[in-house]
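Since chain Y is already given, all that's left is putting chain D on it; use the hints.
There are 2 protein chains.
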Amino acid sequence: MMKNENSTVDRLIERILAMKNPSVVGIDPDYSKIPACYHGIGGSDGDTLAAVAAEIEFFGKDIIDAVCDIVPAIKPQMAFYEKYGWAGVRAFERTVAYAKERGLVVIEDAKRGDIGNTAYAYAQGHLSDVEVSGGMRVRGYDVDFLTVSPYLGSESLAPMVDAAVTHGKGIFILVKTSNRSAGEVQDARTARGETVSEMIADYVANEAERAVGAYGYSGIGAVVGATYPQEMRTFRQRMPRSFFLVPGYGAQGGAAADAVGCFCADGLGAVVNSSRGLLYSHMSEQERAACTREEYRARVRAATIHMRDALLDALRKEYGKTLLYG
Amino acid sequence: MMKNENSTVDRLIERILAMKNPSVVGIDPDYSKIPACYHGIGGSDGDTLAAVAAEIEFFGKDIIDAVCDIVPAIKPQMAFYEKYGWAGVRAFERTVAYAKERGLVVIEDAKRGDIGNTAYAYAQGHLSDVEVSGGMRVRGYDVDFLTVSPYLGSESLAPMVDAAVTHGKGIFILVKTSNRSAGEVQDARTARGETVSEMIADYVANEAERAVGAYGYSGIGAVVGATYPQEMRTFRQRMPRSFFLVPGYGAQGGAAADAVGCFCADGLGAVVNSSRGLLYSHMSEQERAACTREEYRARVRAATIHMRDALLDALRKEYGKTLLYG
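Line order of the protein sequences matches chains Y and D.
Numbered per the working numbering, the first sequence spans residues 1 to 326.
Numbered per the working numbering, the second sequence spans residues 1 to 326.
Chain Y on its own, in the form it takes in the complex (with noise of 0.2 Å):
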């Protein structure tokens, strides 16, 4: 086991300390669903795309103002960033690097996989640094943590295991995801007899074990979804040291008292993420019709309150004096 000082679970440990909290509001900047007073506000010099970037910068950084004194992490999406090209992605940056002055941990969810040197790329760019003119290296988008796919086995994580591990941030493997269709692929079985879910927790579990950080948890973690409560508790054994991040509660039918097995007794090892839950949902579509920027803020602030006061009761009941917070 090697010790990973300075490491970003740590700092995401931290932080769940301090807000008493472990759950992550998704940003999902669907311009379909964003209120219409982000609309324009971006201004227009003729390249629309452009235009929309700038809308959801400003929407991004409104919901980190909104929630940045009661959630550990944001985990902003790529897809919404990138559709919108170049100047997306400049948003994205942009929306990373306040979220991280206002001292919170990034998630990026991007579920990048591919293999050697392509991979290598993905890992560079993402979680640790570029080489350009001069052999001078360059930060790049800098997130703390990033999610991965594992399609392509085992060859396409290690470039990625190996940044994280070398620039102390962290990765979350897809082991097993929330959606419906989750199980076509994850619950196949290997000539071994396992699933290629637990074929994936079991390399995720032992890689884990090259950057546990101060709290005994690693950056090495696992998506594994909060629709199967059952299947969850398995691979919380499966990767004892890895952090989990969990996707569908709320939006996709996932509950707090669902989501409380990927937890450890002590209250870390996971972090729940909602998005549309927080970021949409709450609202009638006339209400994010007529809104104001303040009032939008404080809906948002108000349903992240009420999703970390739900887990945090059902943390409470599970496991009661073991809890390190709350």
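Source of the hints: derived by calculation from the structure; they are not laboratory data.
Any given hint might turn out to be false.
Because identical chains share one entry, a pair is satisfied inside a single copy or across any pair of copies.
Stated by the list, open to error - Once the Cα atoms are required to be at most 25 Å apart in a straight line, the calculated DMTMM-like pairs of lysine to aspartate or glutamate come out as:
#1 Lys-20 - Glu-101
#2 Lys-33 - Glu-155
#3 Lys-100 - Asp-10
#4 Lys-33 - Asp-162
#5 Lys-61 - Asp-266
#6 Lys-20 - Asp-309
#7 Lys-33 - Asp-129
#8 Lys-61 - Glu-131
Below, chain D alone, put in the same frame as chain Y:
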């Protein structure tokens, strides 16, 4: 079976017939390997990521100039662009636009994959158009084909397929990749006894019927590696209408004789990609340090012609008179 007029798969086929060449040049602008003559030519305004991005834009456009009249398509690898942040993504967009100006079909290798509305965001940005202010829609990256990763199951693939069908674009879904650890996930078996690769192949074959072009082929395609020649022939029969993107030629150990099994007897149904083999490995490190841009373009062109001829020889040997070209 639905006919899909003006689809990119037809344009790809027309270029294969015109060039008498089913090979594709992969553009992986790996900064540690690109010739020294590109270093510094982007100028530097102090933002070194932007300077490097300008260099790889020159590099990619030179490759396009070198091969646009001898290959049907290029395959830029997004990882090597997005690693340089928004400036890298802008270089990607400009490279794609330039390739299309020069008549090339563009296959974006990005291996995107996510669920529901996130997959839809990727599909919009990469393959179709995105909504902007005032109900207007603007073209995104506007590539012809996108590679897609299926770890999250059919639900994650559907928005990609739908976008391709609706907009006459194409996708290549990862079925069996060319890397060593490909089998870990892809050879696992579902409850019905087939492998994950076979299950995905059946999904591809079924969806392919929704978008069959004038030549009888579909833009709903598959990535099938050249490193497993026998298996490739089985997949060829299992997905009779789908175009295959075949990686692993050259650098990853596949050769022309291995690749022929991914074609149909008419010499259509597949494109074979080489990236490092055409960009770097035909020159020594010393040669790449000393060459001019003109010399480099000539060397890349020669390597591309060499690959074309080797592939055409192998196709002639295998299919003789049924070959529609050559």
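The hints, checked one at a time:
1. In this homomeric assembly, Lys-20 and Glu-101 come within 25 Å of each other (Cα to Cα) only inside a single copy, at 21 Å, whereas the closest approach across copies is 56 Å.
2. For the homomeric pair Lys-33 and Glu-155, the shortest alpha-carbon distance between copies (22 Å) is at most 25 Å, but the shortest distance inside one copy (39 Å) is not.
3. For the identical chains of this complex, Lys-100 and Asp-10 are intra-copy neighbours only, at 15 Å inside a copy versus 48 Å across copies, given an alpha-carbon limit of 25 Å.
4. When the C-alpha separation of Lys-33 and Asp-162 is checked against a cutoff of 25 Å, the pair qualifies only between copies, where the shortest distance is 21 Å, while the shortest distance within a copy is 38 Å.
5. In this assembly of identical chains, Lys-61 and Asp-266 lie within 25 Å of each other by CA distance neither inside one copy nor across copies; the values are 32 Å within and 55 Å between.
6. Taking the closest pair of Cα atoms, Lys-20 and Asp-309 come within 25 Å of each other only inside a single copy of the chain (10 Å); across copies the shortest separation is 65 Å, beyond that limit.
7. In this homomeric assembly, Lys-33 and Asp-129 come within 25 Å of each other (Cα to Cα) only across copies, at 17 Å, whereas the closest approach inside a single copy is 34 Å.
8. Taking the closest pair of Cα atoms, Lys-61 and Glu-131 come within 25 Å of each other only across two copies (21 Å); inside a single copy the shortest separation is 29 Å, beyond that limit.
Taken one by one, the earlier hints fail for this structure only at number 5.
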